[in-house]
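Use the sequences and the hints to build the structure in full.
Chains as they are written, first to last, in the numbering used here: chain A, 152 to 945; chain B, 202 to 466; chain C, -3 to 151.
Don't read these hints as lab results, they were simulated from the structure.
Source: prediction; values computed, not measured.
Glycine included, each C-beta is placed from N, C-alpha and C at the ideal position.
Any given hint could turn out to be false.
Pairs of lysine-lysine, DSSO-like flavour, derived with a Cα cap of 27 Å [stated by the list, open to error]:
| id | chain 1 | residue 1 | chain 2 | residue 2 |
| --- | --- | --- | --- | --- |
| 1 | C | K0 | B | K253 |
| 2 | A | K582 | C | K139 |
| 3 | C | K0 | B | K240 |
| 4 | A | K558 | A | K462 |
| 5 | A | K558 | A | K582 |
| 6 | A | K164 | C | K139 |
| 7 | A | K206 | A | K256 |
| 8 | A | K462 | A | K582 |
| 9 | A | K462 | A | K323 |
| 10 | A | K332 | A | K300 |
| 11 | A | K242 | A | K164 |
| 12 | A | K719 | A | K738 |
| 13 | A | K751 | A | K719 |
| 14 | A | K300 | A | K256 |
| 15 | A | K206 | B | K240 |
The calculated label-pair distances, taken between Cβ atoms and stated as ranges, are [unchecked claim]:
| id | chain 1 | residue 1 | chain 2 | residue 2 | range |
| --- | --- | --- | --- | --- | --- |
| 16 | C | V111 | B | S245 | 35 to 45 Å |
| 17 | B | A435 | A | S469 | 54 to 64 Å |
| 18 | B | Q241 | C | R25 | 17 to 27 Å |
| 19 | B | A422 | A | S469 | 53 to 63 Å |
| 20 | A | S363 | C | A151 | 51 to 61 Å |
Next come the chains, spelled out residue by residue.
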Amino acid sequence: MTHDGIGAPLRRKEDRRFLTGRGRYVHDIVRAHQLYAVFLRSPHAHAEILAVDAKAALASPGVAAVYTAADIAGKINGVPCAWGIVGRDGKPMKEPPHPPLAAGKVRHVGDPVAMVVADSLAAARNAAELVQVSYKVLPAVTAVAEAVKPGAPQLYDDVPGNLCCDWAVGDKAATDVAFAKAHHVAKLDLVNNRLVPNAMESRAALAEYEPSTGEYTLFTSTQLPHVARVLLGVLMLGIPERKFRVVAPDVGGGFGSKQVVYAEEALVTWAAGRLERPVKWVAERSEAFLSDAQGRDHVTHAELALDRDGKFLGLRVSTLANIGGYVSTFGPNIPTNLYGPLLAGAYTTPAIHCEVKVVFSNTVPTDAYRGAGRPEATFVLERLVDVAAHELGLDRVEIRRRNLIPKDAYPYQTPVMLQYDTGDHAATLAKALELSAWSSFAERRAASAARGKLRGIGLVTYIEACGLAPSRIAQQLGARGGIFESANIRVNPSGDISVITGAHSHGQGHETVFAQLVSELLGVPCANVEVIHGDTARSPFGLGTYGSRSAAVGGAAIAKAAGKIIDKGKKIASALLEASEQDIEFKNGAFTVAGTDRSKSFAEIAGAAYTPPPSYPLETLEPGLEETAFYDPVNFTYPGGCHVAEVEVDPETGVTVLVAYTAVDDIGTVLNPLLVEGQVHGGVVQGVGQALCEDCVYDPASGQLLSGSFMDYCMPRADDLPLIVSETACTPSAHNPIGVKGCGETGTIASPATVMNAVVDALAQYGVTHVDMPASPQRVWQAIQAARLRPVAE
Amino acid sequence: MYSFAYYRPASLGEARALLGQIEEASLLAGGQTLIPTLKQRLASPDAVIDLKGIGALAAIERKGEALVIGALARHAAVAASPVVREAIPALAALADGIGDPQVRNRGTLGGSIANNDPAADYPAALLGLGATVTTCERSIPADNFFTGLFATDLEPDEIVTAVSFPIPRRAAYVKFPNPASRFAIVGVFVAETAAGVRVAVTGAAPCVFRLPPAEAALARAFAPESLDGLSIAADGLNSDIHAVAAYRAHLVAVMARRAVRQALA
Amino acid sequence: MEIKLTVNAQLVTVEVEANLLLSALLRDRLRLTGTHVACDTSQCGACTVLVDGASAKSCTLLAAEAAGSSVVTIEGLAADGALHPMQQAFHEQHGLQCGFCTPGMVMSAVDLVAVNPDPSEAEIRAWLKGNICRCTGYQNIVKAIRAGAAALRSA
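Structure below.
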């Protein structure tokens, strides 16, 4: 048998269906007699709804129903938040109601106002155009810095200043002391631009109701079917979990936007029950731009205190975070708990204080987007470190070397909550410098200059927290549920294995990598292991996939269940082999009496479990071989590493091209290097997109989304990118039994700051010290123009 | 999409007869603009008249000192045509840079110019080369053809049949693409023709336009340095989130210089 | 109206409305759901199919326009259960993750190799302008297309 367990670059089991057009996404599912839903959305960013008249729409051919806020009042509860945060004054965040269909007021362009259900999509669309809504348009505010100003339009009567929460972390007094004794303070104002996740499969939901049993089934493109069942069923619709099945079949990318629970999912389910016919809704891309939770959107002032030697003494960060028009599922948690505690980065900074004002505005709500808070923290810190190096005249590598947490200082307690388990930052830094040929950069810069181009190089040494999450800590921080993971391993009588996980794969390749894990642990060929996920009717309660948690938490649950299988297998073997249980060893897929050649294969033990031979002690040992485990991590995991980027700027046009990228990531144990590399590539490119081209822009006057399609929202494309060099390092995590740390977000966390550090380096000769993202041609050209107009110091 | 009738006439005469009969009809050539417009419900014609059944309109041939390209010639066919590559390589390169491969496999010359999108590439080639548009009715010089934003000199029942491009001594087209849509933020077509130097700019303004100061400077000496100091007024240029008018004005000058350099290469 | 066309080598006669898109004909009428729709502005390329041998965005074609044409979808590539060399290359090179853009990527790649049997990395990247992927960062797609092209050359 070729090795296809942990560490093997196994090709994916799920590929064939996707490559032959046999994937089954919600878009593809059709139910007999299904109806089609269309949502009428607000064309205004902020308006009072004076009246909704659905008469003409209801009379339109093929229409089954038109629902407005009045029709669902008292029948569907508001969209819930799963993670409430607490302000520095000890008070909970402001959590105004989030009605599934806008009631009284619309708060962003795209806010759903009415739902039309008809027997064809065309009929539904035609009818939606006939719904008459009269609005009283109100002044809107979309920029977070404007929303907090006195006199700004107010989204909610009872949320003064649009302030959802005034949150803080760290020791303010200690940080003030650190700044008081600083030799130098580096300061930086920056913007972390708003992004649109744009999973290629738009969101979709198809619900059906079985009147004979009262059971609902919802097929939806979600990352967390069980959580969706609780939030949609129990909290919004009053459907008990035993009567509600949520299925997330093949899901075409999520990146956080599908870990959010949405009004449309509840409305489709409710309508299916009311109409007793299946109801299907598929978002159009333009609709996705107006209704999928968006990401980032911070305005930050940061200061770093340093001593004479460039050692970091203290860090002060003040951020305004835009959470849009409503509190989204995990919205308030992202710019607070997943941001402030990450500001220690990979450094020994002893005192840190971070305050975040979480602010409403007339924009689409923000929530988790790949990296979720951690790219924002890394961007602040790593830009600021470069600014400090520049101001102190220190080499950018050297200033980092002087401040990195030494390998032997782990486990390391940061001043902002987290305790890191393992890492070796000096090693990943050295490796990245070597792979990127950092030391010979001057030659490449000269070659670019000879062609009239400005070349820049930048680096980042980062750490992140993932593997969400230890339930105890998460609940202290406001999580309204546990964040463990489940696994069920069902050894079938023939010895093949079904693994049912509560994690959900929407591109990550769980069907392969979890099979590899089980293959390794139980010694069965990978081909004999089937991984099942995404169906509340099939798997134990699970938390789904986000925050790079699948391997670290879901994988650990599988390992735990596998341990139980082995334990029971030993009991069976001890009976069959007439040896004491303590003498049974499990190795290479066989149960052996230690020191003998008496052995039973895994398949023999499985067979015996279901067809007990006379020696099987049925009186004391249950038949069957199936185990379930719930794993709650002891702590987060902490992947880290070093990324290096090189860019080339055309000073005449401002066009900035990424010409080289190197990623060295310590992600702990590597389960499948091929899949890890794919995750790193994709993650890096999403961050590169933020740095160089992606930008979600609202018109400040009208609140209209100006980047509402791929015509104006720039998705990175193949010809924007160089070959990415990716290597992994491994200091195994001490926080889970398989030593994994998570690889889904590392790329997106490190790459925006890496690329922008390179962009600023390229423009340094003009005296440019900071450029906001994205470094679009126009913005870079404008930065050069502005710099040319002012005298360069030195 | 709203409902409409679909016709696929087999001849120009049949197509014209349909245009005469139907109140509001849209001509469909490659459909790469029309179909997205219909999908977004931005237009609701009574009928769509698909011209693809009229076979003769896709021909590409050299006629003396001109290259004559049928209105239904697809961008990919123009890009790959040995005749075009030999006679006006800049035109083949322009066609090869339109949209993406799938769009080039469907989109047509006639459709592009009749639509006259302010960010389309072909209008710059027609104006830059001093081409002549042939319709079922008449011949229209490019200088008179493009009249404004999405507007042309075509009558409602007039169908473009071909474009005749005079073969220049040298020419080049350089485009600065919108990073998102890849349409031209600015595209400059420069040609040294028997009738003089012509410089045409697309993307920058509501309609493709010529750049007389650059033409005059290049007429004196066809070299990039001739355009040093060329200053374009930002007044009247397009502004959007990707490029404000001042940036577009700057890019026009940069792209013009680059086009001259490329034409000389 | 009734149209006739060939889909994956089978002659199909089907009643369509004038405003039916080819993508909708394939997905909704013929249940060939491998052709995906991921945008509404004709940019993402997830719906790419071959029409008379050339790649086209099936969301930007009326079904009526395809009358008399031969259409090949992702379902039509594998012959007798064996993956097409380009599909095999995507598998070998890990050129897909969530799979949603994949059918369009593969069809686009098949067209590229038909017009350019030995494309360079830069040529592949340029060709993929009309196909958006959010998962892979394109790197393994580019590798897959190079490998698929090589396999097709030696086939």
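Here's how the hints hold up against the structure:
1. Distance restraint check for C:K0 and B:K253: the Cα-Cα separation of roughly 16 Å lies within the 27 Å cut-off, and the hinted pair is therefore satisfied.
2. A C-alpha spacing of about 24 Å is found between A:K582 and C:K139, which places the hinted pair at or below 27 Å, so the restraint holds.
3. Between C:K0 and B:K240, the direct Cα distance comes to roughly 23 Å. Compliance with the 27 Å bound is thereby established for this hinted pair.
4. Between A:K558 and A:K462 the CA atoms are separated by roughly 17 Å; this keeps the pair inside 27 Å, and the hint holds.
5. Annotation: proposed proximity of A:K558 to A:K582 holds, straight-line Cα distance about 15 Å (limit 27 Å).
6. Between A:K164 and C:K139 the CA atoms are separated by roughly 19 Å; this keeps the pair inside 27 Å, and the hint holds.
7. This hinted pair checks out: A:K206 and A:K256 have alpha carbons roughly 21 Å apart, not beyond 27 Å.
8. Of the pairs offered as hints, the one joining A:K462 and A:K582 holds, with about 23 Å between alpha carbons and a cut-off of 27 Å not exceeded.
9. Distance check on the hinted pair: A:K462 and A:K323 sit about 19 Å apart at the alpha-carbon level, within 27 Å; holds.
10. Proposed proximity of A:K332 and A:K300 is contradicted: the alpha carbons are some 33 Å apart, above 27 Å.
11. Distance hint between A:K242 and A:K164 is unfulfilled; the C-alpha atoms sit about 49 Å from each other, more than 27 Å.
12. The suggested pairing of A:K719 with A:K738 holds, with an alpha-carbon distance near 14 Å, which does not exceed 27 Å.
13. Simply put, A:K751 and A:K719 have alpha-carbon atoms about 13 Å apart, close enough for the 27 Å limit, and the pair holds.
14. About 22 Å separates the Cα atoms of A:K300 and A:K256, which keeps this hinted pair within 27 Å; it holds.
15. Taken as a hint, the A:K206 and B:K240 pair is honoured in the structure, with Cα atoms around 26 Å apart against an allowance of 27 Å.
16. Checked against the hint of 35 to 45 Å, the C-beta distance between C:V111 and B:S245 comes to roughly 37 Å, which is consistent with it.
17. Checked against the hint of 54 to 64 Å, the C-beta distance between B:A435 and A:S469 comes to roughly 37 Å, which is inconsistent with it.
18. A beta carbon spacing of about 23 Å between B:Q241 and C:R25 agrees with the range 17 to 27 Å that was offered as a hint.
19. Here the CB-CB span from B:A422 to A:S469 is close to 58 Å, well matched to the stated 53 to 63 Å.
20. Roughly 55 Å separates the CB atoms of A:S363 and C:A151, a value that falls within the hinted 51 to 61 Å.
In this structure, the hints that do not hold are numbers 10, 11, 17, in rising order.
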